[in-house]
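Protein sequences appear in the order of chains S and Y. Final position of the first sequence in my numbering is 357; the numbers increase by one with none missing. Final position of the second sequence in my numbering is 811; the numbers increase by one with none missing.
Mixed in with the good hints there might be a few duds.
[Claimed, not checked] No farther apart than 25 Å at their CA atoms in a straight line, the calculated lysine-lysine pairs in the BS3-like style are these: (1) K717/Y with K215/S; (2) K245/Y with K475/Y; (3) K728/Y with K215/S; (4) K728/Y with K292/S; (5) K232/Y with K49/Y; (6) K245/Y with K116/Y; (7) K236/Y with K262/Y; (8) K375/Y with K506/Y; (9) K285/Y with K470/Y; (10) K769/Y with K686/Y; (11) K82/Y with K328/Y; (12) K215/S with K294/S; (13) K245/Y with K506/Y; (14) K717/Y with K292/S; (15) K294/S with K728/Y; (16) K308/S with K263/S; (17) K72/Y with K215/S; (18) K717/Y with K269/S; (19) K252/S with K728/Y.
[Claimed, not checked] Which residues of chain Y face chain S? A few of them, derived with a C-beta cut under 10 Å, are: (20) G726; (21) A727; (22) K728; (23) N731.
No lab work stands behind these hints: they were computed from the structure. Every value quoted in this text rests on a predicted model; they were computed, and no experiment measured them. We treat Cβ as the ideally placed atom computed from N, Cα and C, and that holds for glycine.
Now for the letters of each chain:
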Amino acid sequence: MIQTKKLTKVFRTDEVETTALSAIDFEVTPGEFVAIMGPSGCGKSTLLNIIGLLDNPTSGDYFFNEVNVARFRENRRTDMRKGNIGFIFQSFNLIDELTVFENVELPLVYLNIRASERKKMVEATLERLKIGHRRKHYPQQLSGGQQQRVAIARAVIAKPKLILADEPTGNLDSKHGLEVMNLLRELNQEGTTIIMVTHNKRDAEFAHRIVNLFDGQILMEKLG
Amino acid sequence: MQYLQLVYRNFKKNAVSSLINVFSIAIGMTAFILVVLWIKYELSFDKYNQNIENIYRVSCEGKIFENEIKEATTGSILSKSLSQTFPEIKKATAMLDFGRAMMSTPDNEGFRLKAFGATASFFEIFSVPVLQGDYKMLDQPNTAFITESAAKRIYGDENPVGKVLSTGMDHENKPFTITGIIADIPENSHFTFEFLFSINSISFYRQASHDWLNCNVYTYLQLDNNVNYKLFEKKLNEYLQTKIAPIIEQWRNISMSEWKSNGESWHFVLQPLAKIHLHSSLKNEAGQNGNITYVYMASLIGLFILIISIINFTNLSTVQSASRSKEIMVRKVTGASRKSIMAQFLAESIFYSLLALIISLILVHLFIPVFEKRTEIKILSRSSITPLMYIGSILFAIITGFIAGFYPAFVVSRMSPVRALASKFTKKAGRKIMLKDTLLILQFTISIMVIICTIAVARQLNFLQDQKLGFNKENIIIVRAMEDMSRDQQNTFKNELLKNSKIKMAAFSHRILGMSFPARTLAIPEGNNIKLLMLEVCPVEAAFFNTYEFKLAEGTFFNDKEVGRKNKIVLNEQAVKTYNISDPIGKYLYYSETEYYEIVGVTKNFHYNSKRKDIQPAAFVQEPDVEMFWSPEYLSLRVGGGDYQRIIESIKSTYQTLIPGKEFSYSFFDDDYDALYKNEMQTKQLFSIFSIIAICLSCLGLFGIVKYVVFTKIKEIGVRKVSGAKTKNIILMFLQAYLKWILISITIASPVAWYLMHKWLENFAYKTNLSWWIFAAAGAAAVLVALLTVSWQTWRAASRNPVESLRYE
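My request is simple: use the sequences and hints to build the entire structure.
As structure tokens, then:
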């Protein structure tokens with residue numbers, strides 16, 4: 134499903150050049166649950182962003198479903214992303230001006246799905262994540278755990294094959310964190326591929342495989 | 003001092019946006035200062051007179067026959083007799099506008115001087131300093147005063163006193179002895195002249211004894227300090243009625259009451275000197291007066307632009323402060339009070355505003371020549387910028403800076419440190435955007451209004467110019483001052499010119515179109531009765547009709563061969579209509595019991611006056627003994643096009659061989675005629691300059707607001723993109739929001755602009771309609787400009803990698 138060859142990312146400012154990723158070879162097969170670990174600034178999030186087609190590598194190749202997308206422009210990446218990849222962030226990234234329902238509905242709007250159809254899909258997903266009773270609330274009226282469930286609902290609503298999670302439990306207490314991890318495992322068991330960046334050893338235990346990143350290089354892989 | 007340092011560092015840090023900010027307000031200030039200078043100039047008219055509070059011009063108003071009369075001039079008898087009758091009158095003078103007269107020295111050297119006649123009391127009423135000589139001399143016939151600069155031009159360093167200049171007056175070459183020098187008449191005076199001769203020299207003035215109903219000289223009165231002029235005006239009119247009653251009875255053979263029941267009337271209006279320039283537009287004004295409507299319009303536009311630029315400043319400052327929230331919070335956390343943060347922000351905006359003032363003063367100085375040239379509006383009479391004005395403008399800049407900086411300072415200083423450090427700006431931003439929307443709507447409303455007004459003014463002008471004139475104004479050269487030639491010389495001149503193949507036609511006339519014609523009373527028999535009518539009459543030669551290509555409604559034009567046999571008259575359709583003359587051709591119009599005109603033709607209506615006014619009943623007359631009744635003052639030449647300069651050179655040389663030493667004066671008729679619309683042209687120029695400024699400033703403001711909104715929505719853009727939104731989805735989302743605001747602005751602006759323009763158009767007898775497309779076009783222009791601005795800004799934000807947007811969290 135995912136294959137990278139010599140994937141490199143360099144950030145340049147006027148004075149410094151930082152190598153975030155250097156020649157990463159990395160592979161994920163469908164149905165896997167992979168955790169990426171490593172200290173701050175080791176390039177975890179950069180790797181996740183490139184895998185998620187939010188950013189382009191500086192050099193190297195990236196095959197997503199056997200298509201080399203490494204040089205895709207923003208608009209083609211968006212097309213590729215749509216409906217195929219769902220994102221979950223540490224800080225939830227919900228839009229404050231939209232209700233829970235509208236936040237979850239967002240990906241469907243951009244997939245041009247009819248309103249009545251959308252309504253059904255959103256209701257079902259909200260029920261499944263046990264936040265149906267909150268559909269008319271705004272993000273700031275929810276607890277962190279609830280917000281993350283809304284974000285997960287948004288990530289899965291379009292039934293993507295791949296979910297990318299960037300420290301999904303980072304802003305949550307352990308109880309809510311556990312809930313989120315159980316949800317992810319459930320999704321994975323239903324066949325969704327999951328790649329997760331985390332600091333948390335316990336969360337990483339949920340994965341089939343743990344990849345350790347250090348200074349932009351893969352240090353070691355461990356099967357869970 | 004510490005504030006200044008901070009201000010400077012911040013300025014350096016955000017150089018580009020700071021400069022935009024400063025320039026935005028500098029442009030607004032420049033426009034405002036220009037408008038203030040212009041208004042100051044317009045309001046300064048005649049203020050050089052110390053007695054301005056007590057000086058009045060007597061003008062007259064009434065209805066004679068079917069003609070509405072509003073004249074700046076009155077009969078000569080007024081100034082002579084009124085001061086003896088009314089103790090309220092301290093001084094009175096009569097003034098006669100003699101035009102740009104041809105003056106010649108005893109050596110027969112000729113030049114033109116703008117000449118006025120007056121009595122010596124002129125100097126007692128008006129504050130025109132006499133530099134040399136005794137002002138009382140002006141009451142002696144054949145004396146004159148000359149202005150300093152005219153004296154210098156003619157005599158150089160020689161003393162002009164005692165010199166003689168002569169000019170054609172009362173059918174003779176009348177000599178005037180210069181008895182003194184006066185200071186130049188200020189530019190901001192409603193009349194102006196270089197040569198002031200004693201009005202007693204002119205025969206009609208000396209002889210006038212009953213001309214209460216005439217209009218020939220300006221009458222100025224200086225009243226006593228404590229006189230209520232409105233009450234005095236009433237008293238004056240009561241007296242006037244007793245004076246005109248016998249005249250009416252004799253002239254019209256009816257009693258005063260019958261005359262009045264005809265709907266006719268005649269009375270005086272006292273015009274305070276201070277109000278003449280801006281409030282008076284009567285027939286025969288002494289010069290081109292201003293118009294208070296334009297002063298109001300200009301003030302409104304100046305104020306609008308200033309408001310737009312202050313709004314911009316506020317918006318742009320708020321945008322900047324938003325991006326500085328972290329700095330402010332750190333300051334607060336480390337102990338800054340709300341007051342000190344407000345002070346810092348206010349100091350910043352006042353600094354910007356002062357900087358803007360300096361830039362705008364430079365711009366004002368750069369723009370004044372351009373502005374004066376484009377609009378022909380003189381705004382800098384030499385004394386306009388006084389130290390007081392500099393102090394005033396500094397205060398003005400401080401106040402502007404304070405107003406513009408208050409809101410951002412208030413908002414920024416209110417932010418709670420915890421919230422800002424957590425960067426939770428968004429929730430509060432909701433309310434702020436509300437205020438921003440309001441400001442944006444206000445700004446666009448103003449811009450759209452200015453655009454609508456610009457289009458409407460331009461359209462009205464084009465409409466006036468396209469209006470069927472009733473004659474052809476192109477390719478006509480006017481040779482002026484034909485009265486300087488004898489009748490024989492005139493004929494020789496004309497015949498010589500017609501030998502030139504480029505000159506197709508030539509015709510003498512007493513006046514030309516575009517000037518007002520003298521009015522004449524005529525009688526027409528109607529059954530057993532006699533009907534009197536009043537026509538504005540211009541004596542012309544037969545060739546005049548073809549030279550100007552008039553169109554006949556019926557009958558014929560004059561015929562050259564019949565000159566000397568009969569007096570003939572050609573009416574315009576308006577005369578036939580107003581006086582209801584059935585089958586006019588062949589009828590006679592009497593001007594005395596034995597003398598009459600035969601009506602030979604009727605022309606289609608033509609605009610011989612500004613199209614602001616309705617067409618009056620008018621006529622052309624052909625009279626046998628031309629010199630008895632009128633002097634041909636103008637020669638109109640229809641030329642076949644080609645090299646005008648060469649044609650003019652040849653006319654000039656013919657002229658100078660005939661009367662050597664005299665100044666040759668010519669003009670292009672279409673220029674003269676277009677000068678009737680000078681005020682409107684100025685308005686058009688003014689509006690186009692200011693509408694461009696207003697639109698640019700609005701765009702700048704919109705740019706600032708969009709930048710701000712995009713800034714606060716960067717996270718949202720990122721999230722939407724991660725959720726599958728394409729760049730175009732994001733741009734469309736923003737466009738929809740702004741389109742809504744612009745539509746609201748159009749809705750507000752249209753009726754207001756419609757009302758303003760409707761009022762303005764009431765000044766015109768012939769007016770264009772305010773069709774819907776004007777409003778549509780203005781709206782479309784605003785939408786287009788906004789679309790471009792918004793698209794560009796959001797495109798920049800939306801086309802970035804979503805990662806970059808999300809990194810802002």
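Against the structure, the hints:
Annotation: proposed proximity of K717/Y to K215/S holds, straight-line Cα distance about 19 Å (limit 25 Å). Distance restraint check for K245/Y and K475/Y: the Cα-Cα separation of roughly 44 Å exceeds the 25 Å cut-off, and the hinted pair is therefore not satisfied. In summary, the hint linking K728/Y to K215/S is supported, as the alpha carbons are separated by about 10 Å, within the 25 Å threshold. Taking the CA atoms of K728/Y and K292/S, the gap is near 19 Å; set against the 25 Å cutoff, the hint holds.
As the CA atoms of K232/Y and K49/Y are separated by approximately 21 Å, the hinted pair is consistent with the 25 Å bound. Among the hinted pairs, K245/Y with K116/Y is inconsistent with the structure: their alpha-carbon atoms are about 34 Å apart, more than 25 Å. Between K236/Y and K262/Y the CA atoms are separated by roughly 17 Å; this keeps the pair inside 25 Å, and the hint holds. The straight-line distance between the Cα atoms of K375/Y and K506/Y is roughly 35 Å, outside the 25 Å bound, and the hint therefore fails.
For the given pair, K285/Y sits about 23 Å from K470/Y by alpha-carbon distance, which is consistent with the 25 Å threshold. Restraint check: the Cα-Cα separation between K769/Y and K686/Y comes to about 15 Å, which is no more than 25 Å; the hinted pair holds. Distance hint between K82/Y and K328/Y is unfulfilled; the C-alpha atoms sit about 82 Å from each other, more than 25 Å. About 11 Å separates the Cα atoms of K215/S and K294/S, which keeps this hinted pair within 25 Å; it holds.
Simply put, K245/Y and K506/Y have alpha-carbon atoms about 52 Å apart, too far for the 25 Å limit, and the pair is violated. A distance of roughly 24 Å separates the Cα atoms of K717/Y and K292/S; the hinted pair therefore holds under the 25 Å criterion. Annotation: proposed proximity of K294/S to K728/Y holds, straight-line Cα distance about 20 Å (limit 25 Å). In summary, the hint linking K308/S to K263/S is supported, as the alpha carbons are separated by about 16 Å, within the 25 Å threshold.
For the suggested pair K72/Y and K215/S, the alpha carbons sit about 79 Å apart, so the restraint of at most 25 Å is broken. Pair hint K717/Y plus K269/S holds up; C-alpha atoms about 22 Å apart against a cutoff of 25 Å. Of the supplied pair hints, the one linking K252/S and K728/Y holds, its CA atoms being roughly 22 Å apart against a limit of 25 Å. Look at G726/Y: its Cβ gets to within about 4 Å of chain S, closer than 10 Å, so that hint holds up.
A least Cβ separation of about 5 Å between A727/Y and chain S falls short of the 10 Å threshold, and the interface hint therefore holds. Interface restraint check for K728/Y: the shortest CB-CB distance to chain S comes to about 5 Å, inside 10 Å, so the restraint holds. The criterion of a C-beta within 10 Å of any C-beta in chain S is met by N731/Y, whose closest approach is roughly 6 Å, and the hint holds.
Of the hints listed earlier, those the structure fails to meet are numbers 2, 6, 8, 11, 13 and 17, in rising order.
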